[in-house]
Structures are given as C-alpha cells and as structure tokens.
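Protein chains in written order, with my numbering: chain C, 1 to 112; chain B, 113 to 224.
Since the hints were derived computationally from the structure, they do not count as laboratory data.
Hints should not be assumed to be uniformly reliable.
To give an idea of the chain C side of the interface with chain B (calculated C-beta under 10 Å), a few residues [to be verified]:
| # | residue |
| --- | --- |
| 1 | P8 |
| 2 | Y35 |
| 3 | I49 |
| 4 | S51 |
| 5 | N52 |
| 6 | H57 |
| 7 | D83 |
| 8 | G103 |
| 9 | G105 |
| 10 | I107 |
| 11 | R109 |
Remember, it's a predicted structure, so these values are computed and weren't measured experimentally.
C-beta atoms are modelled at their ideal positions from N, C-alpha and C, and glycine is treated no differently.
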Amino acid sequence: SQQGEEDPQALSIQEGENATMNCSYKTSINNLQWYRQNSGRGLVHLILIRSNEREKHSGRLRVTLDTSKKSSSLLITASRAADTASYFCATDSRGYGNKLVFGAGTILRVKS
Amino acid sequence: GAVVSQHPSRVICKSGTSVKIECRSLDFQATTMFWYRQFPKQSLMLMATSNEGSKATYEQGVEKDKFLINHASLTLSTLTVTSAHPEDSSFYICSARHYGYTFGSGTRLTVV
C-alpha cells in the first residue's frame, strides 16, 4: 500500500552542507508528515504539513508542499553528523482510508 | 504527550512457533492502531489496521491467518505471528492514532 516515492534513495554530504529530500505521492491528502529513523530503531516525528499549507519551518528543517504536483521536499540546513539516518515521508490520505502510508525513504549520511 | 509502548523489543523464535507482540497506548485510548513491517533498508509497509472490538482490516497480500491481530481493549492491540518462518524475520512497528500518529519503538523478530 506504499504510495510515495522518494528521491534520492541515498544521499551523502559533508557536515555543514544542506540536504534536500523529495517525496511524491499519488492521491489527495489531508496532510503529509516527515519522520526520521536511526538504524534499526523507532520513528521520530519531525514535522507535519497540512494540505492547505505550502511551507513550514521547524528549527533547521524546512518542508514544502506542492499539492498540484503531489510532491513535498524536506530541507535540512547546516547538517550535522547526528542527522545521519533514514528519512521517510508519510501521507495521511482519505484515498487510503485515513491511514498513514510511507514513502520509500532516503538514507542520509552526513560525513564529519 | 501520547506514548505507545511496544513489547518485546527483540525476540528470537524457532521456525514453526508463534510469537505475540504487544502494543499499548499508555496515556490515551486508541480505538484504532496500525501494524507495519519493515525489512532491512526498506520502508514501512502497512500490514493491517486494528480496530477495537471488531475485526482487523488487512492490506492486500497480508495473510490474516498468519498475522493474527486482536484489539480487545482501548489500550492494547496484539499481533501474533503464527507458524513463523525465517522469511517472517523483520522489524514490526505499531502505531496508534491520537491527535496524530504515535509509534511504538518496534520489535525485531528473528526466526531461526
């Protein structure tokens, strides 16, 4: 039931650089959420953006949403080694019966 | 904030045996819980939606007789992997919806 695609699948950057991850989805959404997962562990909720919002900020995170293109992006500024993790977008969509469906994810590696 | 407790965090079982994973909402009532499975380096795949007092709704391709879900109370959902095989080895995560989605810390199942 996975409905989202993310790119890139993997991203390797130097500490201090910005990291941008993209997510596309297929149906109309109520909201879109971004999560982080450190290797083999649980999920950490990062940010939620509603379908009527276009941009949202939280600390070093910036999320955009383009409902016309059914896409979202997550920007992490001034990356740190501790940001190394997998990042997933997830859509809360009426088209999927009000359940959270995850994208494929981006593996981010920040080199110090 | 809302907390979901998932146990056990790790379990190793022999092929052919059954394993039960518990998901509890600690400080709120959850009429709906979700069960996900995650294979290494892959995304979370929704397996089923657990509804308190009624039958679970399974996603396409998930065997309901193999993955038994019971949601007998407003704070507890259980997933039982029956007649486990090595290919069932995976990371299982539950989630409850309460003003958003709260995730358990996951269970790593290894079938030997």
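Hints, one by one, checked against the model:
1. P8: Violated: closest Cβ of chain B sits about 14 Å from C/P8, beyond 10 Å.
2. Y35: Holds. Min distance 8 Å.
3. I49: Violated. Min distance 13 Å.
4. S51: violated (15 Å)
5. N52: violated (17 Å)
6. H57: Violated. Min distance 19 Å.
7. D83: Cβ of C/D83 sits 18 Å from chain B, so the hint is violated.
8. G103: holds (6 Å)
9. G105: holds (5 Å)
10. I107: holds (7 Å)
11. R109: Since chain B brings no Cβ nearer than about 13 Å to C/R109, farther than 10 Å, the hint is violated.
Comparing the model with each earlier hint shows violations of hints 1, 3, 4, 5, 6, 7 and 11; every other hint is respected.
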